[in-house]
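Participant: Chains as they are written, first to last, in my numbering: chain C, 1 to 215; chain Y, 216 to 430.
Hints may be right or wrong, so weigh each one.
[To be verified] Far from chain C, some chain Y residues (derived; all Cβ distances over 10 Å):
#1 Asp219
#2 Glu258
#3 Thr262
#4 Ala359
#5 Thr414
[As the list claims (entries may be wrong)] The calculated DSS-like cross-link candidates involving lysine-lysine, where the alpha carbons are at most 27 Å apart (straight line), are:
#6 Y:Lys366 to C:Lys102
#7 C:Lys25 to C:Lys102
#8 C:Lys25 to C:Lys151
#9 C:Lys102 to C:Lys130
#10 C:Lys151 to Y:Lys317
#11 Y:Lys345 to Y:Lys240
No lab work stands behind these hints, which were simulated from the structure alone.
Even for Gly, the Cβ is constructed at its ideal location relative to N, Cα and C.
Spelled out from the first residue to the last, the chains are:
Protein chains: 2
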Amino acid sequence: MREDYQLQLESINSDLVLMTELVGKAMAKATDSLLTDDLQLAEQVITGDELINSINSSIEERSLQMVALQAPVATDLRILMSAIRMGSSLERMGDLASHIAKQVRLRYPNPSVPEELRETFRQMGAAATKIVDETGRVIATRDADLAEKIKVYDDELDRLHRELFSVVLADDWTESVEAAIDVTLLSRFYERFGDHAVTVARRVVHIVTGEPYTK
Amino acid sequence: MREDYQLQLESINSDLVLMTELVGKAMAKATDSLLTDDLQLAEQVITGDELINSINSSIEERSLQMVALQAPVATDLRILMSAIRMGSSLERMGDLASHIAKQVRLRYPNPSVPEELRETFRQMGAAATKIVDETGRVIATRDADLAEKIKVYDDELDRLHRELFSVVLADDWTESVEAAIDVTLLSRFYERFGDHAVTVARRVVHIVTGEPYTK
Numbered sequence: 001m002r003e004d005y006q007l008q009l010e011s012i013n014s015d016l017v018l019m020t021e022l023v024g025k026a027m028a029k030a031t032d033s034l035l036t037d038d039l040q041l042a043e044q045v046i047t048g049d050e051l052i053n054s055i056n057s058s059i060e061e062r063s064l065q066m067v068a069l070q071a072p073v074a075t076d077l078r079i080l081m082s083a084i085r086m087g088s089s090l091e092r093m094g095d096l097a098s099h100i101a102k103q104v105r106l107r108y109p110n111p112s113v114p115e116e117l118r119e120t121f122r123q124m125g126a127a128a129t130k131i132v133d134e135t136g137r138v139i140a141t142r143d144a145d146l147a148e149k150i151k152v153y154d155d156e157l158d159r160l161h162r163e164l165f166s167v168v169l170a171d172d173w174t175e176s177v178e179a180a181i182d183v184t185l186l187s188r189f190y191e192r193f194g195d196h197a198v199t200v201a202r203r204v205v206h207i208v209t210g211e212p213y214t215k
Numbered sequence: 216m217r218e219d220y221q222l223q224l225e226s227i228n229s230d231l232v233l234m235t236e237l238v239g240k241a242m243a244k245a246t247d248s249l250l251t252d253d254l255q256l257a258e259q260v261i262t263g264d265e266l267i268n269s270i271n272s273s274i275e276e277r278s279l280q281m282v283a284l285q286a287p288v289a290t291d292l293r294i295l296m297s298a299i300r301m302g303s304s305l306e307r308m309g310d311l312a313s314h315i316a317k318q319v320r321l322r323y324p325n326p327s328v329p330e331e332l333r334e335t336f337r338q339m340g341a342a343a344t345k346i347v348d349e350t351g352r353v354i355a356t357r358d359a360d361l362a363e364k365i366k367v368y369d370d371e372l373d374r375l376h377r378e379l380f381s382v383v384l385a386d387d388w389t390e391s392v393e394a395a396i397d398v399t400l401l402s403r404f405y406e407r408f409g410d411h412a413v414t415v416a417r418r419v420v421h422i423v424t425g426e427p428y429t430k
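One chain only, chain C, in its complex shape (with noise of 0.2 Å):
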């Protein structure tokens, strides 16, 4: 019984590393089609988020029938919650992959970002693959340092949108003002994930040390 529910555990833990891989290479190519204004790819995107919701659902469940049937103690229960709490998150960020390529859709065949900005968004693009990456690994290995210098690449996320607003609000802005408000919302959707893989690693941490997840 005990070695079964080990297995389960571990099943789990494998399908939230699953998500990472997936919401990684949706962001990934999310960013791609929007640095090369490619449909296609957007919607390879969009039509992709439904495995990353599907794996999530399934380990919501899992997770419930363990705690149901398990009866688990303490660390295994804060484990599990864990779990659900982690896969509701990265269904978040898979969200704001497909949200960034449903702007690429909207915008279709026009650019949906100005010359002036790719370069940022090129970066904000390999920052957000690259939080996602390390976030798998996080919870592959429960290494809490790890956790903790992914947000360096949250930091990044962070300040390429506030360099985002400066250009969108200086004099020389010579774009509309409905590419002002599109630029902000794509570049908002790249900070919220950043901020939701930190919430991702901040879990295992709770997972590891037992210290109170604090928001």
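With the hints as your guide, set chain Y onto chain C.
Facilitator: Same frame as chain C, but now just chain Y:
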């Protein structure tokens, strides 16, 4: 034992209703602070969000403890799973009210909303407050018909969100790009607030009918 279980379930449900009340008050206050540039009111919303977060944590904890201790059957498991999810959505709605208040604080003592859009935000605030009130009634009564009806307010929020876009993007928009971005983000908070309320109501329908929850 069984009686005790029912009492605990009712207590969780009451706390969800309490959350809708607190979130509703937070949203009403946040909108007031936005329309009157009232920093003190904004601070109240921001501080008050902690209570909403702590009720959510308590719901999560108690639901999982019940799952662990009582090994509930399918229906009860669905109810407890839904309670966790609903608490999470309501907490997020509290965050959105808090985001609005933080925007007021950021721009204070300057007004956060240009004169010509105040009426739009007044209507958004009214629809948002209304939708969360009704969501509370849906949770309290488990009335699936009422759950359907609250979509009216979500549609109203979507309509106002689109209306705001057309104002901001019109040729006669005389305010700054910064103001355009500010009001777009604010409007998005109201729109997301409505989406989360609909999600909560759908969860209730899911409990009542057992129909699969679709996002």
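Participant: Work down the list of hints and note, for each, if the structure agrees.
Facilitator: For each hint, the structure was consulted:
no.	hint	result
1	Asp219	holds, 16 Å
2	Glu258	holds, 19 Å
3	Thr262	holds, 15 Å
4	Ala359	holds, 22 Å
5	Thr414	holds, 12 Å
6	Y:Lys366 to C:Lys102	holds, 23 Å
7	C:Lys25 to C:Lys102	holds, 16 Å
8	C:Lys25 to C:Lys151	holds, 20 Å
9	C:Lys102 to C:Lys130	holds, 22 Å
10	C:Lys151 to Y:Lys317	holds, 23 Å
11	Y:Lys345 to Y:Lys240	holds, 11 Å
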